[in-house]
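> Now for the letters of each chain:
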Amino acid sequence: MTVQHKPNTEELVSIAEMVWSSYLDPDGVRPLVVDPAPGWGLGPTDVVATVAISGAWDGRVLLSFSPPAARRASAALLAIAEVDDVGEGDVADAVGELANIIGGSVKSLMPQPTVLSLPAVHTGAFPDLGGEVCRVTGTWDGEPVSVAVHEVAVYVGVSRTGETSQ
Amino acid sequence: MRALVIDDSRAMRLILARIARQLGFDVVEAGNGQEALDRLEELDTVPELALIDWNMPVMNGLEFVSAVRRDTKYKAMTLMMVTTESEQSQIVRALAAGAHEYVIKPFTPDAIVEKLALLGLVKNGVQV
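Top line first, the protein sequences correspond to chains A and B.
The working numbering puts the first residue of the first sequence at 326, with every later residue one more than the last.
The working numbering puts the first residue of the second sequence at 758, with every later residue one more than the last.
Here chain B stands alone, though its shape is the one from the complex:
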């Protein structure tokens, strides 16, 4: 299984990629939403998971979620926002746009794993 990690911070991409790799995912990285869309076009298979920051230059995470949800070829991809945006209204916006889950920074690796387990992508600490 493959995970797409989208964040403009290299440090945050590294942290999220490390968690995903420990769970057994192959990881592809992108620095903003547009770069992520470009990566998706290049890949031969659609990643099962995308971990998406909200505030990014060029194309933000919410715009990326909306763009992906408009394209049926990505309908199987699970979208998880990982962001500092913690207000209820923002969470509702992200979920309404098509995100499946929402993790607020700062997070622990366990918080990511728990959310992925709820989504059925992880069981007993490894991707399924």
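This is chain A alone, in the form it adopts within the complex:
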């Protein structure tokens, strides 16, 4: 019997912190603050970017931001001076790319071969995927963020417009 490695919370924290320090907090002044037991839950207006990993292991990586955190992350990545100037397209691009980078790092921990999908970005209530493997919760700039890895046997596709298909 082959025992497959699955990413654990410690590994996911390390990946998230590396992404934050590379792109969202290069100067070390606005770090991701990990909080394993946050006093909040992500809400129905949150921005969720997902990438699917398929092949020797099938799963999905979800990166969730509160709306203000999504706009601030997009402003940081796209060098937009005023957060109010960030549009929906900016959020879809920037948050999607962050999910892509985190997903690629998670993929590297999994048995091979696997393929990483292009990112999809969704705003609003997200279907419960089940099969959660690990999750990092915390705050960035005082706003809730979360990164989760799910083992998903059935492919769930979510388009940028929010339509869901299985």
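Each hint can be trusted.
Only pairs whose alpha carbons sit at most 20 Å apart, straight line, appear in this in silico SDA-like list of lysine to any residue:
| id | chain 1 | residue 1 | chain 2 | residue 2 |
| --- | --- | --- | --- | --- |
| 1 | B | Lys-830 | B | Gln-791 |
| 2 | A | Lys-331 | B | Glu-844 |
| 3 | B | Lys-872 | B | Ala-853 |
| 4 | B | Lys-872 | A | Ser-347 |
| 5 | B | Lys-880 | B | His-857 |
| 6 | A | Lys-331 | B | Ser-843 |
| 7 | B | Lys-830 | B | Val-785 |
Just some of the chain B residues that point at chain A, by a computed CB distance under 7 Å:
| id | residue |
| --- | --- |
| 8 | Thr-841 |
| 9 | Ser-843 |
| 10 | Glu-844 |
| 11 | Lys-862 |
| 12 | Pro-863 |
What the hints contain is simulated information worked out from the structure, not anything from laboratory work.
The beta-carbon is built from N, C-alpha and C at its ideal position, and this holds for glycine as well.
Once you have looked at the hints, place chain B on chain A.
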């Protein structure tokens, strides 16, 4: 010197273009491999450097590298993959297809500069 930055993410193109410009490159951008091939046809001179994502719609980075390597007029262009694909087998595939270097996301600007220095395109923080 000119650099072609190819990534479907505008955010990533902006980050890479900023690094390249700070090194003194003129930058041309494309959102996928096919768009990059179209840009190359439009340019009067071949860029010295291409920074290439792997996973893109329409034409991915590996297909772009293969297409460029089949065309002798682009033989002087240095091809550097900048991608989330981090498995050894994928790196080998990219290098076998004709990529010169490979940088894994997430990266720091210093990582890009170091790789370009190894390729002889950058010295003391500026393009040569």
